[in-house]
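**Q** Start from the sequences and build out the full structure, keeping to the hints where you can.
Number of protein chains: 4
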Amino acid sequence: MIISMKPHSSPEEIQAVCRRIEDFGYKIHTIEGVERVVIAAIGVGDTSQCLESLEALPQVEKAMRISAPYKFVSREYKNARTRIKVRDFEIGGDEFIMMAGPCSVESEQQIMTSAEAVAKAGARMLRGGAFKPRTSPYDFQGMELEGLKLLRKAGDAMGLGVITEVMSDRDVEMVAQYTDILQIGARNMQNFALLKGLGKAGRPVLLKRGLSSTVKELLMSAEYIVAHGNRDVMLCERGIRTFETITRNTCDIVAVPALQELTHLPVILDPSHATGKRSLVPALCRAGVAIGADGIIVEAHPCPEKAVSDGAQSLTLEQFDKMMRDLGPYLELWRGARVAQELVSA
Amino acid sequence: MIISMKPHSSPEEIQAVCRRIEDFGYKIHTIEGVERVVIAAIGVGDTSQCLESLEALPQVEKAMRISAPYKFVSREYKNARTRIKVRDFEIGGDEFIMMAGPCSVESEQQIMTSAEAVAKAGARMLRGGAFKPRTSPYDFQGMELEGLKLLRKAGDAMGLGVITEVMSDRDVEMVAQYTDILQIGARNMQNFALLKGLGKAGRPVLLKRGLSSTVKELLMSAEYIVAHGNRDVMLCERGIRTFETITRNTCDIVAVPALQELTHLPVILDPSHATGKRSLVPALCRAGVAIGADGIIVEAHPCPEKAVSDGAQSLTLEQFDKMMRDLGPYLELWRGARVAQELVSA
Amino acid sequence: MIISMKPHSSPEEIQAVCRRIEDFGYKIHTIEGVERVVIAAIGVGDTSQCLESLEALPQVEKAMRISAPYKFVSREYKNARTRIKVRDFEIGGDEFIMMAGPCSVESEQQIMTSAEAVAKAGARMLRGGAFKPRTSPYDFQGMELEGLKLLRKAGDAMGLGVITEVMSDRDVEMVAQYTDILQIGARNMQNFALLKGLGKAGRPVLLKRGLSSTVKELLMSAEYIVAHGNRDVMLCERGIRTFETITRNTCDIVAVPALQELTHLPVILDPSHATGKRSLVPALCRAGVAIGADGIIVEAHPCPEKAVSDGAQSLTLEQFDKMMRDLGPYLELWRGARVAQELVSA
Amino acid sequence: MIISMKPHSSPEEIQAVCRRIEDFGYKIHTIEGVERVVIAAIGVGDTSQCLESLEALPQVEKAMRISAPYKFVSREYKNARTRIKVRDFEIGGDEFIMMAGPCSVESEQQIMTSAEAVAKAGARMLRGGAFKPRTSPYDFQGMELEGLKLLRKAGDAMGLGVITEVMSDRDVEMVAQYTDILQIGARNMQNFALLKGLGKAGRPVLLKRGLSSTVKELLMSAEYIVAHGNRDVMLCERGIRTFETITRNTCDIVAVPALQELTHLPVILDPSHATGKRSLVPALCRAGVAIGADGIIVEAHPCPEKAVSDGAQSLTLEQFDKMMRDLGPYLELWRGARVAQELVSA
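Protein chains in written order, with our numbering: chain V, 1 to 346; chain L, 1 to 346; chain X, 1 to 346; chain G, 1 to 346.
Heads up, a few of these hints could be off.
Any copy will do: because identical chains look the same in the list, a pair fits if it lies in one copy or spans two.
Unchecked claim - Straight-line alpha carbon distances no greater than 20 Å define the calculated DMTMM-like cross-link-like pairs of lysine to aspartate or glutamate that follow:
1) K153 to E13
2) K62 to E305
3) K27 to E342
4) K306 to D46
5) K120 to E217
6) K120 to E95
Simulated from the structure, these hints should not be mistaken for laboratory data.
Bear in mind that the values here come from a model prediction, so they are computed numbers and not experimental data.
**A** Printed below as a string of structure tokens:
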């Protein structure tokens, strides 16, 4: 920690701050600048608590953390990529993973048709919501248990892994019975009760970035899950909220490589929620592959205009198929680059 | 709803959109503009679902809602202010309600000292967290049940109502046993499982605005609670997230009168989280009273630099007392204005 | 400056950074932490340039400035409030200054009627645009020189100071001939050619905060003007751009006291642009007075629905008059508080 | 335009609004909904002015524009891509254009070395600032005329086009003498005096998106330049300002295809300012090529740690060379896709 005192602080005030830092078990190092005194605190301890305490002192101008507030999810803790095994493939490894399917599970026929088409086009995972977070209490809230069963059935029939959202710590166990990956939605990224509940879920987690969450907060939420016992976490950039309204959200695509510098966890891109507009999805998928994401999760529906949710951003199954074919050469470049990286770091 | 077609849409494409609108039970009204056709849909129905469906059609350029997506919380539904009775006073009525206390309940002595001081200075409600939403899994997470009991005890001893946060739908019942008002934190404003759980809680709710939630989304979340059976909701502006970092959040103070134009629910201001800085709290409290909020919730602690959380934004108990005295003449102007409004609307 | 090295930097890499800091004339102080080395640089020098240079070095993790990047505008340089004399009154002193008038000067009758009404209601300054920054090239661009002359005439006739916007360094001299205060619009806050041109203008400047400018950037832009020779600068909070669309901008009202902690320059609030909605202006004016702004600049027009610009946020002249009467008791509290402050700091 | 009246508006109030719309030359179409009356205005006229006027009427709830506020820059006005000829190549055509060079021109040797290296690696344009917009008045402000001459000399020596920033309408003519493309910086995107001055500059313009400007505002600023006589405008996405601080700005990469849907003007990506961090630039360049930008403008410097500005985001010349080689296969895919598009639209 670095603590800068207000200019003209008295020696007593500086002493008081130093004592407080030492109470937290740190060694101190006082530096007299031209305008003010700066104190460096060295050691290992409860930095957050100490920072908060120092900021509450009237003569402290600013208290800054130097080391990251997360640990297990950092590259410094573990440099090698985390590979998460699902069925017969790995996320975070040498294969780019495509996850696709409708926003909501709506009927057996809808999810079966979707599963068949996305599997054929090259997807590895089937997505589909059974519990839906909806802004309005009057909107469709999901098929719940029935939806989970249909999703599982469709995935199994086509050899796909399945991913679906869980919205409450109360439901973790039940949802975990039916799904390969538990998805945490953007609005629940800091639902700490839920994050704790994932620790013992026995299933990998895809954690979506909150609408106004920083990259560091996303890592802190991942740290929650890991600290509570579940190391299989993947992160998902799905667009953040800004002043721009031409797209549903603003895709912070640079968060993908920025995260990969900081963490060993896989990073997935969600171009459907990031744009909210079907016509922009294929271009963003290309960019996502090129920038080096570990996978993509995308909405595709047999008949988007009849979808109960997110129709405007869903590809048709034909569009998904075409997109996958167009992505082919980009995926090949992706694999080449990934293998080269592994060689370098080996 | 107003639906604008892309320029050069064919008559068949326009027909297809019209039929879809009629399928949802609306009457249509087609308007031929110079560049494009615009369709007005008239009637009562599932607007959200219809809008989503239309936006998924390729020839639709934009589909816009004209009426508000919320109902029970709107001034159009009920014009008279909602008054929420707590103990022997009302929130939303002719008294400006001050809620104060520490961020977290830390010990019996701490909460008792706080309760005594804020009661003496004129507060009506005692605040204090027993379940704490913390960004880091390594930070203090609250005293939980023990904290609830201490808070209740302190409130009762000083004749104060108590307010505390509930973080999971699992805990609603338990927390409701100990508190007069259930607080929903900013990060849970769209935790829909929790919102539903509040419907039958039998306690008024203070709903904090999410860090990146619009005024309309805040109203939609309030609508969730009301639609699930609980009409006693108050809203809380506590600062939103913007690019500015000099304060912890950016206080959108105009949301207070903007909300009061749209809803009959009481609106409370939280200057502590809005600023994150003790020195700015009294000025913002004055502004909150002057702009016409129904109350304020503010952090005050016997010894902020020893607080386990939010010390930098907590007033000392002496500062709280001084602030309350300074607010006196502003509160008098507030009462005069409030009584005058009631006369006008009577 | 504080420079934190990446973990596991080699002694040679640390040496290289130290040498670079010393090249800029600073003394260094190396602190060995548990995970990484932190270097403190002490002295007076070209901090910006040094910081940029250090950040470009691959082993530097972060380089942080401790002291503020501005000087002349800071409270540390000069603690006493800057009082700016205009005609027979002062801005920044013991009088709260109301500036009012139409968005644009449209005709002699319009500006004369406006001037008469706002003067009678208690305004000290008449506002009115002659050069208008408009988002569309097809919108009314202002009456230019003719508008300046009418504004001056109306101000003189009613004993009001006048304030108007200047949009290009080319026009500074001409506009300065006709106005008491030169206004710099939000979109030009970082038009550095214009800022430099104001240094020798011989007129006080009201500098509006940019739509997405931080408080510190606003102070840096003020520093430009002062550094180029003009000390009479006042700052204006007029709302920033956020994700919220219910108001035209989001009023960062806390910027007013936050600025007053950092600078001795007067701070003015613009509730018209901050809200974009007439009905919200009076409430925000009350808040602006209560929070301690030095003045307000507000739009008022004889007939807002015929205004060539900003009609929706303009008060009618009757509304302005009523608002001024309602503000009376708040202004009295303002004066009491201001005088008390002066006594304290004397 | 669509105008929605407040609920319970009286027939007289509706009549008044209708008359006002007709005064502006529009035909009206009144639609009686369940809750309120909606009025459609049909025709061609001064929509902006009419909208502003209507929003100023107290019974109008909202007035919405249906058609775009820009014209010449829209795909509806001209569908074929604008190709801008510079020296012996075209921007917006079948070649992906790389523009590279240092942030600032610093010396003959520096700019010559840079020009040679970027030309050899495959760039077509040399960038370099002679007039620098700097947040601090104490930072290096550019070599001005001397810098322009050196830039021109270096470009000519290596067969590169040159691009440099102009900051004031006063300087347009001078800068235009030395440069092939005039660059307008983000902070000047709505410097309307400057935009007008570009109309007769006789040089193509690269217009950078403002830090908090929407895609539509960017198009409106381009419309300014076109409306004043200069059709050779290209747009540049360079990151917007959000709450995220891990990168200097947040790259809104989806703005690239979103713009290409709306406009025929070329769209360039600036990964250096978008990220502010050298290590993230190559990944974002790949994404920019994959998403279909028309070109990239990137900072490269012989010795970034000695750069007078933007060193942290500048590639070394070696890194630029490596990046260009790595981009090779992506550029080939780009060309294939571009040619395929031309075939389709032909």
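**Q** How do K120 and E95 come out at 20 Å by Cα distance, when the copy is not named: within, between, both, or neither?
**A** within (17 Å within a copy, 35 Å between copies)
**Q** With identical chains treated as interchangeable, where does the CA-CA distance between K306 and D46 reach 20 Å or less: within a copy, between copies, both, or neither?
**A** Close across copies (14 Å), not inside one copy (53 Å); limit 20 Å.
**Q** As a check of your reading, is K153 near E13 (CA-CA no more than 20 Å) within one copy, between copies, both or neither?
**A** Result: close neither inside a copy nor across copies, 67 Å intra and 37 Å inter.
**Q** Please work out whether the CA atoms of K27 and E342 approach to 20 Å or closer within one copy, between two copies, in both situations, or in neither?
**A** neither (40 Å within a copy, 42 Å between copies)
**Q** Have a look at K120 and E217 and pick one of within, between, both or neither, based on CA distance no larger than 20 Å.
**A** For K120 and E217, neither the intra-copy (37 Å) nor the inter-copy (39 Å) Cα distance is at most 20 Å.
**Q** Measure nothing new, just compare the shortest in-copy and cross-copy C-alpha distances for K62 and E305 to 20 Å and report within, between, both or neither.
**A** between (53 Å within a copy, 14 Å between copies)
When the structure is compared with the earlier hints, violations turn up for hints 1, 3, 5 and for no others.
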